[in-house]
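Number of protein chains: 2
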Amino acid sequence: MVTPHATMGRLCIAGLGPGDLAQITPAVREALLAADDVVGYFPYVARAQALLAQEAYTQAPAQAVQWHASDNRVELDRARQALALAAQGRQVVVVSSGDPGVFAMASAVFEALEAADAPPAWLALDIEVLPGVTAMLAAAARAGAPLGHDFCCINLSDNLKPWAVIARRVQLAAEADFAMAFYNPRSRSRPEGFVRLLELLRAHCEPERLLIFARAVSTPDEALQVCTLEQARPEMADMRTVVLVGNSSTRRVGRWVYTPRYYDPVDAADVTSNGSTP
Amino acid sequence: MVTPHATMGRLCIAGLGPGDLAQITPAVREALLAADDVVGYFPYVARAQALLAQEAYTQAPAQAVQWHASDNRVELDRARQALALAAQGRQVVVVSSGDPGVFAMASAVFEALEAADAPPAWLALDIEVLPGVTAMLAAAARAGAPLGHDFCCINLSDNLKPWAVIARRVQLAAEADFAMAFYNPRSRSRPEGFVRLLELLRAHCEPERLLIFARAVSTPDEALQVCTLEQARPEMADMRTVVLVGNSSTRRVGRWVYTPRYYDPVDAADVTSNGSTP
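Chains as they are written, first to last, in our numbering: chain A, 1 to 278; chain B, 1 to 278.
These are calculated hints, taken from the structure and not from any lab test.
Check the hints yourself; a few may be wrong.
As the list claims (entries may be wrong) - The calculated SDA-like cross-link candidates involving lysine to any residue, where the alpha carbons are at most 20 Å apart (straight line), are:
(1) B:K161 / A:P265
(2) B:K161 / A:D264
(3) B:K161 / B:G193
Model the full assembly from the supplied sequences, consistent with the hints where possible.
Here you go:
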């Protein structure tokens with residue numbers, strides 16, 4: 001049996017929020033200040049470095065931080081590296097953008113922990129997940145309150161699941177009249193996925209349905225576009241965009257888009273029927 | 001036509017996160033430091049007061065803050081009060097727990113703005129929504145990564161929508177094999193809703209499906225229970241609990257619960273078929 005001991009390291013999987021350093025929680029900042037090693041995709045490591053460099057924070061890190069920046073699409077390798085460092089007794093922070101539990105590094109770390117070849121000592125590590133402001137919440141805040149009623153959240157990156165699963169989920173989400181948030185809508189390698197998504201939405205939702213294309217929210221590259229499903233074009237999305245789709249009650253008020261808290265199936269699509277919404 | 005002018009006030013709708021002051025973003029803290037008026041449900045106003053009282057923050061508020069604490073279930077009145085104060089030229093912060101856009105005050109403010117009797121000047125106000133860590137993300141982080149794959153988020157409070165809508169959404173979410181997050185699972189006035197939810201889940205998901213009852217996460221009252229659907233009992237939830245339901249692939253590793261990023265419908269429930277999942 002493996003028991004933790006005094007020199008056992010610690011692994012913290014931390015969410016850096018949508019991009020703005022002012023949206024990183026103090027809990028995450030404290031974890032970074034205590035870190036021996038920071039592991040992550042290189043733009044997120046750079047964001048953590050920028051946070052620790054801020055003049056507003058009078059504290060300096062307790063020791064020289066080792067920075068381990070890696071490329072995209074190596075999440076499992078990165079997770080193993082972080083676990084191995086923690087198993088050496090080091091204080092390790094894995095940084096994710098947004099929230100680490102939403103299409104980010106937390107699941108990758110637990111997958112690495114569960115793998116058949118994982119050292120048993122890893123299971124005894126002190127692991128903590130520190131939540132953050134995930135992209136859809138930052139995007140929704142900028143637009144108003146489009147996720148103010150029941151909603152779903154779908155990763156459009158189809159290298160981890162078959163397209164048929166995505167298509168079925170979108171159809172059922174439309175039948176449920178959920179507002180929807182789509183992450184990773186358009187990759188360079190598979191740009192056709194988002195084209196198909198718009199076709200699917202058009203088959204299940206009315207042309208007036210409101211969409212929000214929220215790109216790089218809270219960064220200098222921020223761009224927000226609101227349009228109807230009829231007006232939506234695939235090139236409005238890229239990999240830095242989160243796409244929000246309202247439910248059938250989502251509306252504009254002034255420059256804002258919001259979904260009311262109440263829901264009346266007489267006014268809205270009748271989700272209690274067994275058919276698809278129009 | 002109404003145009004903003006120099007003395008126009010500002011309304012900020014801010015998320016205070018799950019409870020721990022260390023999970024309130026610096027952006028929200030800055031808004032509170034600049035506030036003339038803070039408006040909210042009384043425990044959230046108390047949380048904002050506790051934040052500003054923290055010794056770690058050397059800055060004092062720019063001026064004496066007027067605190068406007070009100071009871072639950074008066075969201076629209078509170079929204080109108082905040083808008084009216086901002087229209088007087090004041091810097092107003094409406095505080096919500098978690099994220100203001102998820103079953104919280106942001107939609108209520110936009111509803112008040114849209115109401116037929118709303119003064120037209122309100123539409124010209126400088127309004128900003130500041131996101132926060134919503135309860136399901138804090139709960140998921142404590143448990144591991146149960147929302148690491150596609151998921152949905154449903155408010156079980158049925159005073160804003162008919163139960164038939166909730167029931168249909170849960171059924172469709174189970175067919176889609178979404179992980180699910182349920183807010184406000186059990187109110188004093190309608191405790192039967194959560195009993196019916198468990199019945200619904202049992203009709204659509206296998207008995208081994210993992211559930212997480214996360215109560216008052218990140219506060220001194222925090223309590224986390226993980227069990228199977230078969231073991232779940234209605235009294236495990238109250239109004240301070242968020243209930244997370246895994247998808248068919250959600251599993252335990254050590255003391256953690258997580259949902260893998262990948263999804264193989266051969267291993268998991270076959271969501272591509274047209275029937276319900278077992």
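Okay, the hints, checked on the actual structure:
1. B:K161 / A:P265: Given that 20 Å is the threshold and the Cα spacing comes to 8 Å, the pair holds.
2. B:K161 / A:D264: It holds: about 6 Å lies between the C-alpha atoms, which stays within 20 Å.
3. B:K161 / B:G193: 12 Å, holds
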